[in-house]
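**Student:** Spelled out, the chains give:
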Amino acid sequence: MTRPVVLSFDQLSQKSTTDTVVWTVSSIRKRVEERLPYPVVAPNEIPPGTRSLIAIGGGTLLDLAKAWRADNDPELELIAVPSLWGSGAETSPVVVLNVSGEKSIRMNERFLPDKIVFWTELCESIPEATARMACGDCWSHALEGFLSPLADDSLRIEVAGLLGRMLAVPVGNDPRWFALSGEACAAQAQSSVGLVHGIAHTLEWPLRTCQPEAGWGHAKLCSTFLWPVMEYNRQASDKWRLYMQQYDIDEQAVLAVIRHCYDKNAYAAALESLKQNWRAILRDQCTRTNSSLVRSASLEYFETWGFE
Amino acid sequence: MSNLEKLKELLIDVFLIDESEFRLDLTQEEIETWDSLGTVSMAVGVEETFGYHFSQEEALSIRSFQDIINILAAKGINFDD
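Chains as they are written, first to last, in the numbering used here: chain P, 1 to 308; chain L, 1 to 81.
Source of the hints: derived by calculation from the structure; they are not laboratory data. Since the model is a prediction, treat every value here as computed from it, not as a measurement. Any given hint might turn out to be false.
[What the hints assert, rightly or not] What the simulated footprint calls covered on chain L by chain P, stretch by stretch (three residues with Cβ under 8 Å from a Cβ of chain P suffice, anywhere in the stretch; the number is not a length): (1) 13-22; (2) 32-38.
[As the list claims (entries may be wrong)] To give an idea of the chain L side of the interface with chain P (calculated C-beta under 8 Å), a few residues: (3) Ser41; (4) Val44; (5) Gly45; (6) Glu48.
[To be verified] Away from chain L, derived, C-beta distances all over 10 Å, residues of chain P: (7) Arg35; (8) Asn108; (9) Glu124; (10) Thr130.
Each residue gets a CB set at the ideal place from its N, CA and C atoms; glycine is no exception.
Pulled out of the complex, with its shape left as it was, chain P reads as follows (with noise of 0.2 Å):
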């Protein structure tokens, strides 16, 4: 797989004015315009004879933009430049749109967006609530990816890799996440994710809308559930100790730092909606490359095991 050539800010201020256009989001818009001489368009919009896009954003605006080059513009340049990290939008062929309150979920290499840039300036502003569950999410791609039955002996080899580096760098609001971010995302794209992200797709929308104070999303949820889902494989099968013995990973380690990324509070909010849910979350595609077997009966380990 091609992985999208990485660009400095310099070089992305420095492109023809005339022929690039910006998607962006509110909350950062104001800076991008301040910094960057290229007009902000409202996403889905492309005036004619636009030959570059640059999509500054979190990973839904990502993958929109990823989305809708393919779909639309497939000659169209796509810069995606991550507004945080943990999606790992901008290094990866997933596309995963909200449809009718469904994720629907895409893969191929043609969505991968051409340049990325990390503007490490846009983490100055992340509140460390913020930085530590998108610090989950991209856990929760490096280790679903990394245990993954779809996983090879050199993939695991390169992430073992990745890891050790994760746990180099403090959980929080650190601009070397963008970078290590990425690395997780394209790696786990060439394998699956499990249980973590079955429980974060089939219950974003739920959660949302019943919840609409809570800020639900997918890091949020990736964060809350990744320890849980993970003390769940480490009693369901050896596997998880045999891979991290067998590829030097400090496991230890791992799971202090899960369990930092973890919010009891959270966990007891999403309790009955998992509940509710489980059925779906069975059903969901990742649950079914999830490293240990998820049955009916799991939800009563999620029920009655005391993560405090």
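Given the coordinates of chain P, work out where chain L should sit on it, guided by the hints.
**Tutor:** Structure of chain L alone, referenced to chain P:
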């Protein structure tokens, strides 16, 4: 629990079928959830339950529950009880 009962419980969970609909002669074509991901999930469950890891060729050759029994029986896992 006998190995046959363990396998039945596993396949019901993997393919999300009702116990009343379970038959040992069910084939892939008859089970909506038996796609490539179903095969992956079934292989993970067999390894956890019986300690046998299907090779890629074996996993791809399985078309029915009876095929699973035949492969496992050939590896010495007894389904006669």
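**Student:** A separate judgement is required for each hint: does it hold in the structure or not?
**Tutor:** Results of checking the hints against the structure:
no.	hint	verdict
1	13-22	holds (count 3)
2	32-38	holds (count 3)
3	Ser41	4 Å, holds
4	Val44	5 Å, holds
5	Gly45	4 Å, holds
6	Glu48	5 Å, holds
7	Arg35	44 Å, holds
8	Asn108	17 Å, holds
9	Glu124	41 Å, holds
10	Thr130	32 Å, holds
Of the numbered hints given earlier, the model fails none.
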